[in-house]
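Position chain B against the provided structure of chain A, taking the given hints into account.
Each chain, written out:
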Amino acid sequence: MGRALAVFIWVMTILSVWMFVSGRWWFPVAISEHGPAYDRQFFLTIMVVGIAFAAAQVALGYAVWRFRDTGGGVRAVYTHGSNRLEMIWTVVTAIIFITLALLGQRVWFSLHMQPAPAGAAQVRVLAQQFQWNFQYAGADGKFGHTDPRKISDESLNYVGLDDTDPAAKDDVVVQTLVTEVNRPVELILMSRDVTHSFWVPQLRYKQDAVPGLEIPIHFTPNQKGRYEIACAELCGQQHYKMRSYMLVLPADEYDSLMALPQAQFQARISELYKNTLSRLTNLP
Amino acid sequence: MAEDDIPNEAHGTEEHAAEHGAAVHHHGPPTSFIRKYVFSIDHKVIGIQYLLLALFSVFLGMLMSIMMRMNMTWPGHSWWLLAKLFPTGAPGGVMSPEFYLSLVTMHGTMMVFFVLTTAPQGGFGNYFLPIQIGAEDMAFPVLNMLSFWVTFLGLAVLVSAIFAAGNGVIGPTGGWTAYPPLSAIGDVLNVPGQGMGMNLWIISIALFCGGSLLGALNFITTLLNLRTRGMSLMRMPLTCWAWFTTAVLALLAFPVLLAAGVLLFLDKNLGTSFFVPAGLSTGTTVIDHAGGSPIMWQHLFWFFGHPEVYIAILPGMGATSHILSTFARKPVFGYRAMVFALFAIGLLGFFVWGHHMFISGMSPYTGMAFSVLTLSIGVPSAIKTFNWLGTLWGGRIRFKTPMLFAIGFVSLFVAGGITGLVLGQTTLDLSMHDTYFVLAHFHLVMGVAAIFGMFAGMYFWFPKMFGRMMNETLGRIHFWPTIIGVYCIFIPMHVMGIVGMPRRYSQFYEIVNGQVQMIYNFNRPTVPLIHFVTWAAIITVSVQVIFIFNFFWSMFKGQKATDNPWEATTLEWTTATPPPHDNFGGRVPTVYRGAYEFSVPGAPDDFVMQTTPDETEANIVTTAGTHAVQGKGDGHNGHG
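Top to bottom, those sequences are chains A and B.
Heads up, the first sequence is in our numbering, so the first residue is 130 and it goes up one at a time.
Heads up, the second sequence is in our numbering, so the first residue is -16 and it goes up one at a time.
The set of hints was computed from the structure by calculation and includes no laboratory data.
Treat each hint with caution, since some may be false.
[As the list claims (entries may be wrong)] Facing chain A, according to a computed beta carbon distance under 8 Å, are these residues of chain B, among others:
no. : residue
1   : Gly266
2   : Val405
3   : Pro508
Backbone N, C-alpha and C fix where the C-beta goes; we use that ideal spot for every residue, glycine too.
Excised from the complex, chain A in its bound form (with noise of 0.2 Å):
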């Protein structure tokens, strides 16, 4: 029984391993100027993590294999410990852990603990129960006012604008959001109900959009196509489909239509959708 147990836990370490390493199940390829960096720690730490599992596991089933009473009187070995062994394996195991968590904070001091870059596009997003609304300032550069008494779903109002504000003749408010190439955005994260999360598995970002916060993140998308917005929060019964699309432009496409007004600017993004998009593309 002990040596079947310790091939086992020896069978069941390398098979777990090979999941990991066998390339099927593994991220998309990263789209922001971020994602490397959080690739190479994600590997780092997975390094780390797998030598750890199945230096435990082997050892683990090293020992029923090793220590099965074999019948014949013989005794255990009597001891009750080792202060000696305690304070080694605490020291090293303190040391790699907290290294480890140090290492973890880079990316994320990058990104939260850093203004938007300069010349940062802002988009604010304001999610629904099951939809993503991004609204762009349009030419004036200014968001227009909006209010919860305005919004109205059934007059496509999804994010309140108040159209007695100049500013806001201009903005313009789609379920698609729309990046250029190379260019840091600013995304001011808000919901109008439940707590939802955006999440796009390319760019290595998540982040909740919570009532009654605006939350700004910033990345940097760079590499052209079109990628899927998920909801990474439960937020009701179509969770599972609040979707959208994340574009990402080149410079001149992102300006020609980020000077268009409302309707042109759907019709536009409709028409992304139906030509253009097929070479720009990135899904397998």
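Only chain B this time, still in chain A's reference frame:
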């Protein structure tokens, strides 16, 4: 520490017992059926009641998980039985997304509260903590009965939530974490199940908090006051340390959840705004709340919720340490370090709740502090693992079923716990948060490992509880597919999470004309794994029937157990099987040594009971050529 509990020659036996409150039994054995088996104040009966409650809940919870798997694997399929049972939640037998979410909610609530919190602590702890410290009962037997029945009421209310919802869904749909505003104003937003179902959920949890608090008080008092002569703190079995630490955590954590639950109930029903901010909209009208913070709920919830993880796992750690030592025929390696590690985990467990909230909108500075504290908690966890290996090292391992599950616990605890190093990092959480990676992590460590701890405990203590052995062959047949199955279920979920698969999605693809159509293309690589995991889950859940059969069959037909079938050392094995009403039949056990004296050189057997008098020990010590301080021992003998 507990110097005054060491036998003191100035006191006579009776005098001592009376002074310390130990062995004073305030109630005689009941005779009526109701007082004996239903409203019993005997900790042994209450322990078994808790175990049966957990057994009922775990099967309901597993059934729900299988239904969830079926829905995501074969979306749109019509299940004949569901059409009959839930005509609204699963119209035509096809599970609706809200039906799925209510399964998510009920599965989580059932498992976390009514299985992982009740069985290891209320069940095994209740039964064996008093016996292992040599007491006749809990300190407050009536309180003990009350804590069980309040918990039972909580379960009844939770089950009623399945059927109470007017719109025919099965209960609340907001997840076991019940984040507001979804939980507070979900009904205003027309989210199914968030009306009466949500109210019943809150009431159920509030009752559960009450029951757990009473239990925690009782455990702490019992352990501190009712230890028998000679049972100093450092001579206690590690199980007792684990139950004690767990009780302290429960005492400090549950009141916070109770308070949060009350506030949520007020928000939901009486128009207060603790968790709901101003300016929310239904899409047509502004919602009439102002001034609350959704993040405050998350702080309160996880201030409870993270210690809760340890409430679930610590008793399993205690049982594992106990069983590994017993079946390796070797003293626990680093007993003192094990005790300190338990306490370190318990203490640090209160300072890491923020790692559930890195991306919640909480200050990113706070996140960085929580991250460092979180990875620190890996240190005492690693200490425990090393000591378990140290306990096995050089042992003479007997592979009885309890030992198989205890070794399984160690393997699973490592596999599940170690990915905390990934999830505890702020940076990595940017991608991993709320994916299947998280699901894999906590199911392995607090779900399956904890359940293995319970299985180990059940196979180990069953003979003492019911006077008969569980069938060893059936035990092995149960063990193998279970451990293979749980690895097949949860290891693949890690890589699904790396791919990006989000939690709590009722489905990931639709079947259109027999073709798989992804809802999110990034999830495409996970499709074969979804099928694989579902089949693994179905098989693993099915083989649990073997355990149920073994459990009930052995209760009546099992081989008769002797008083100490495993040749173990602690007090529960010194008394009759099953123990009499007052545990030791009027005797007051005296303890002379630590809990894990196995393979002592020169001793007649390879185990020395805690009650074996000192003279023997002195002889042994002389032959072994070492020295010991009479009656107290030194650190070397494990009971300083």
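Exercise for review: Answer holds if the nearest beta-carbon of chain A is closer than 8 Å to that of B:Pro508; otherwise answer violated.
Suggested key: Holds, about 5 Å.
Check your understanding: Does the interface hint hold: is B:Gly266 within less than 8 Å of chain A, judged Cβ to Cβ?
Key -> Hint on B:Gly266: holds, closest Cβ of chain A at ~4 Å, below 8 Å.
Point to revise | Hinted contact B:Val405 with chain A - closest CB pair below 8 Å | key: For B:Val405, the interface hint holds, since the closest Cβ of chain A sits about 5 Å away, which is under 8 Å.
The earlier numbered hints are all upheld by this structure, with none contradicted.
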